[in-house]
Structures are given as structure tokens and as C-alpha cells.
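Asker: Fit chain B to the known structure of chain A by using the hints.
Each chain, letter by letter, is given below.
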Amino acid sequence: MDDVGARPVPAAFDDWVAARGSALLRLAYVLTGNAADAEDVVQDALSRALPRWDQISRLDDPDAYVRRMVVNAHTSWWRKFRRRESPAADVRTDEVVTGPGEGLHSDERRRLWAACQALPADQRTAVVLRYYEQLEYDEIAALTGVREGTVRSRVSRGIAVLRQEMGERDE
Amino acid sequence: MSDFEERLSAVIAGQADDAPQGGGLAEAARRRHGVRRRRQLAVGAVAVVLAITAPVVVLAGGGGDGARDELVGNDGTSTAPTGEWQTVEDGDVRVAIPGDWGRFSCDFDGFESEVFGPTEVDACDFRTYLAFYGSATFDPFAGPGVISANEDADDHGWSGYVYAGDLAVTSSTGDRELTRRILASARVAGQPEVDGSEWRTVEDLGIRVDVPEFWGLGAEADLELYAVCVAPGERDDPPELEPKADVDEVGVGLSYVSGRWVSVSAPTQALGDLVMATVEATAASSAIGCVRDDFGDGLSGAEPAFPCDPGFGAPKPRAGCPDPAPDLGWLSRGSGGQLVLQPFRTLHNDAEGEAYAQENGLEYPFSNDYLDVPAGAPAAFDPLSAQVCTGAIAIRAGHRGPLEDHVVDCADFGAALTRRDSRIPVAVWRDDGVVVQLSELYRP
Chain A
1 MDDVGARPVP AAFDDWVAAR GSALLRLAYV LTGNAADAED VVQDALSRAL PRWDQISRLD
61 DPDAYVRRMV VNAHTSWWRK FRRRESPAAD VRTDEVVTGP GEGLHSDERR RLWAACQALP
121 ADQRTAVVLR YYEQLEYDEI AALTGVREGT VRSRVSRGIA VLRQEMGERD E
Chain B
1 MSDFEERLSA VIAGQADDAP QGGGLAEAAR RRHGVRRRRQ LAVGAVAVVL AITAPVVVLA
61 GGGGDGARDE LVGNDGTSTA PTGEWQTVED GDVRVAIPGD WGRFSCDFDG FESEVFGPTE
121 VDACDFRTYL AFYGSATFDP FAGPGVISAN EDADDHGWSG YVYAGDLAVT SSTGDRELTR
181 RILASARVAG QPEVDGSEWR TVEDLGIRVD VPEFWGLGAE ADLELYAVCV APGERDDPPE
241 LEPKADVDEV GVGLSYVSGR WVSVSAPTQA LGDLVMATVE ATAASSAIGC VRDDFGDGLS
301 GAEPAFPCDP GFGAPKPRAG CPDPAPDLGW LSRGSGGQLV LQPFRTLHND AEGEAYAQEN
361 GLEYPFSNDY LDVPAGAPAA FDPLSAQVCT GAIAIRAGHR GPLEDHVVDC ADFGAALTRR
421 DSRIPVAVWR DDGVVVQLSE LYRP
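For the record, the sequence lines run as chains A and B.
Position one of the first sequence corresponds to residue 1 (this note's numbering), numbered consecutively onward.
Position one of the second sequence corresponds to residue 1 (this note's numbering), numbered consecutively onward.
The shape of chain A in the complex, shown without the other chains (with noise of 0.2 angstroms):
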């Protein structure tokens, strides 16, 4: 998981970017999937906040407002050209797994990111943000513009449909 926002806050945006645009690319890459559009979808972001740098800088939580450009840029880049399917992870079934879920099989590791990439787009923001990001469902709301409520119903529904998928009850 990637603390955004816990490390001071430099000046100046290529040393910003330096320290930040990791996370930011991390970020993007679970919500869309795959390395070209994470990319699009950062650097979109940042060149939006370029021109602005001086007053972002001086934000109490710059990285916050930065990372909401990333999920907006995400959504803008989705409704404008979504597809029908959502693209699939690059995965291989002989993929070897470290790190954070160890601890899981390969097969559901690759089971469990399928189907979290096959959610509608909607639902997978939120679910993002809310496992990935660990944002409380208010503030996921406040970062994709919409009711606590209805953010509440979009993880919930994803939840419902990745259980389903590993084939398993509701808790």
C-alpha cells in the first residue's frame, strides 16, 4: 500500500513527481488495469496540475488533491471510451507471487484480480479505493463526487459479485 500523503511535501513538481509519481502510477494501474492507460491517465493528471503547481503546492493535503485528479482523470478516460469488457490482466498461470498475498494461491490470486478487473468501472473505482487505498467510504465520496450511499452500494455489490465469483458466501 502506498502512504501518499505522509511524507512532506516538496516545493518544486519534478521533485513532487520524483517521490510521488509511483503511487500515483500504482494507483492508476489498478484502476485501469494496464500499464499504457495508468500511464495516460498519471501523466494526464499531472499535466493538468502543472500549470497550477504553486497553488496545489501550497494545499494543506496536496497529494490528496493530486490523487483525485488521477481517479478523475480514470473517469473521465473511462465514460469516454469505455468498452464493453473491461481489459484483462497481463497473467500467466505459471506467474509467480510475492509480496503482499503471499499467502493466497496463484490460481485465486489471478482468479480474484480478473474479476476485480472485470467489474464495471464504477464498482472497481470504489472497490480501489476502498482495498487498495483504504479510504473511508466518505471519503471516497468525496473524491468521486458521489453519495456516501451510493459508494457504500458500489463496494458492496463488488464485494457480492467477487464473492460470486470465487465461488463463495456472502459473510
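Quick caveat, the hints were computed from the structure, so don't treat them as lab data.
From a predicted model like this one, the values you see are computed outputs, not experimental measurements.
Distance windows between CB atoms, simulated:
id : chain 1 : residue 1 : chain 2 : residue 2 : range
1  : A       : Ser-156   : B       : Pro-378   : 28 to 36 angstroms
2  : B       : Glu-27    : A       : Val-146   : 31 to 39 angstroms
3  : A       : Asp-61    : B       : Pro-378   : 51 to 59 angstroms
4  : A       : Asp-60    : B       : Gly-174   : 54 to 62 angstroms
5  : A       : Ala-19    : B       : Ser-105   : 28 to 36 angstroms
Some but not every residue of chain B turned toward chain A, in silico, with C-beta under 7 angstroms:
id : residue
6  : Ala-189
7  : Thr-418
8  : Arg-423
A virtual CB, placed ideally from N, CA and C, is assigned to each residue, including glycine.
Answerer: Relative to chain A, chain B alone:
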């Protein structure tokens, strides 16, 4: 957080490790900002300059130093057509051009713009080139997608343009097929790259039309959305296009051809323009309909890779499939380790579904508007008995494309069912007791 939620959190975090590295992000953002800013400036300038010299291009690319690596769009969503090609971009519009072309800064009566071509002279004289225009100020002499011979007696090239996003993309080369291939690749970031290297001419319903093989997306692509259709109607009364899908997903063209309306639904607007421009009447006809349902397969003459259509979760009839009503069920691993098929039936959000939910204390309406419930006794089932198997989401070994039905090794089902509590929804088609197809169903 439940155990499942913790596992989900760990899986997503683990996948994030596959994210691209952040090197060069600031530079890329600065470059993109520069393109956007220059385009905003250029749009105002072009409107004036067009009156005295045309064509004038909207600025493309980065800082003008001609570095080849900056030409290549950061667009890993696709592969370039075969051979050494590169992707260039202007904002969110991407186009594939030959790999040995460069980017040149050309001076048009004091207005400096950038054009792509094999040499500076070729590019700046607009002999062999690719350029991006702000489409709002683009003033074409012909329709989009029309590739015509240049009128200049000294120029034996072929020119044309297409629209992609907010830009017009124009190109000319000495080879008509090369011009068409370049223009066919024009797309907006996020759309598939069309390989326009192989085209087929098809005659049907009294029209002739050129379409790239498999709509330029390859034999594995889902081509269901794309079609050339003919509808009746008067010239001043165009028909409502029956949307085959969300309009954002396809490039749509509509044209009146010899007393009928012809519509084209293509993967991109550029390809829709190019295909529509080739449509011509071959005979007086009142036929209506679409030119071949399986355009791509029909063009290649190839048979479907599997005889029955899993419909990505909702099996559909298909000509040639011997079993019109497949058995549906969950495939799981039984207590003895053998694979077992538990038949299910599907309830919907209707009176029957509501009654079942009440009777069994289930949430109603059903999530995703349906619920699969057991129907009948489970029985042993061997996936290896099937003549062909397909996967959709859980069974994805070696499959790198978008989620879609695709042929898999039948042994993959057993390999995927490693846990006793996991199960895979499937359809089983039989012919005289022989399992002709086993397909995983996508049942979210």
C-alpha cells in the same frame, strides 16, 4: 474487514507491483501540457493562416528537437502493424507511421508547424507526410476517408484524411495502400489500433465495400459490434441507427447510396470513415440487412474456433452447433477429488424469482438481475471428454486479449478447481451423448 476483504486487499496491492515505473513522468507531463497549450494557441492561429496557405498543421509532439524517441506515443495498449512502425501522437490522438519517418518543423509563411514524413522536404512540401489538424478549423475538399489521387500533375501521390477525437488526421504517400494503412491506424488513446495492412472487398446486398481483415483487430477479436448494414429510407429521411452498442465504442458512418441508407459501425471513427468511403452500389437492389454477421470470419473463410457460442456467459444459438439447449451447471471438485457437474437453472427478477427468494430467505431483487440455483442431482463430469473447451474469465491460460470466450486446454478446468469450495459455471453441449463443447460461463 472480513477474511475475503483482506485477501482482496492483498491481491490488489500485490498487482500494484506490476505498475510501470515512474521515471520521466514530470517530463512527460510537461510535454503533454506543452502540446495542449500550443494546440490552444494554434487553433486561433490556423483560422487566420488557412486563408492564405493550406494546409497548416496544428502542432504535434514535443519540443521540436526531432528526437526519435519522443515521436513514439506512450501507447502500450496496442502493437504496431507488422514491420518497423512507430506510433506518433498529438494530444490523445495516436497514429502509426513507418518507423523511418521523422518529425520536422516546417515554416509556413512565418507559422511554424510540425509534420511527419520520410524527409524534411517530403514533409514540409506535403508530398509524403502525416499531419494533425484541429478539426474545428479543418476545411477539407472531400469527405473523410476518401483517398484520392493528388491533382498536381507532378505529384503521383494519394491523399486522404480521417477524424480522430478532436483532430483531423491527414496523410499523403505515393502508395494508396500505405496512405490508407496510416489513416486506418488513427485513433484516440484507449481505442484499439487498427491494422489496415490487409483489406478485403466484399459484395453483398447489392453493394461493394472494402473492410480490413477482421476489422483490423485480428482473428481473436470480438467483432460483434462491427457491421456494414443497409436500410430502406428516403434521402431526406435518414433512418434511426439501431445502436448495436454504446456509441462511444464504435465509429459510426451513415451514407445514402443508390436509394438506400448504408451504415458502418467500426472500431474507430477513422476506420468507419475509410470503410464508408468505399461503399458503392453494384446492382439495383432493395435488399436490407447487414453484410455478413461474422464479417471477420467470413472474410478469412475460417471456421469458428469452437462450434457453439457461449455468449460470454449467456449461450446463444449458432449455426452448426448440434445442441440448441446446452446443460448449465457448476463444475466443482467433489469430496473424492473427482470433478462434479451440479446443474443449475437461472431465476430472474420476476414473480418466480421473488417467490424463490422469499422461500429461501435471499436478498431480492437479485444482484445483477438474476440468480443461478441448483436444479437436479450432481454427477461426475470429465472435462477431458469434451471435444473443445473455452474459457472466459477464470480459465484464461495464455489468453492476453480482452475478456472474451476463447479456446483453452480442457485440462485447465481441473487445474483451476484446486479448492474444494471453488466452482466454475459452465455450459455443456452434447451430440448423441458426446460432449462437443465445454465452456466456462461468465456469470457475474
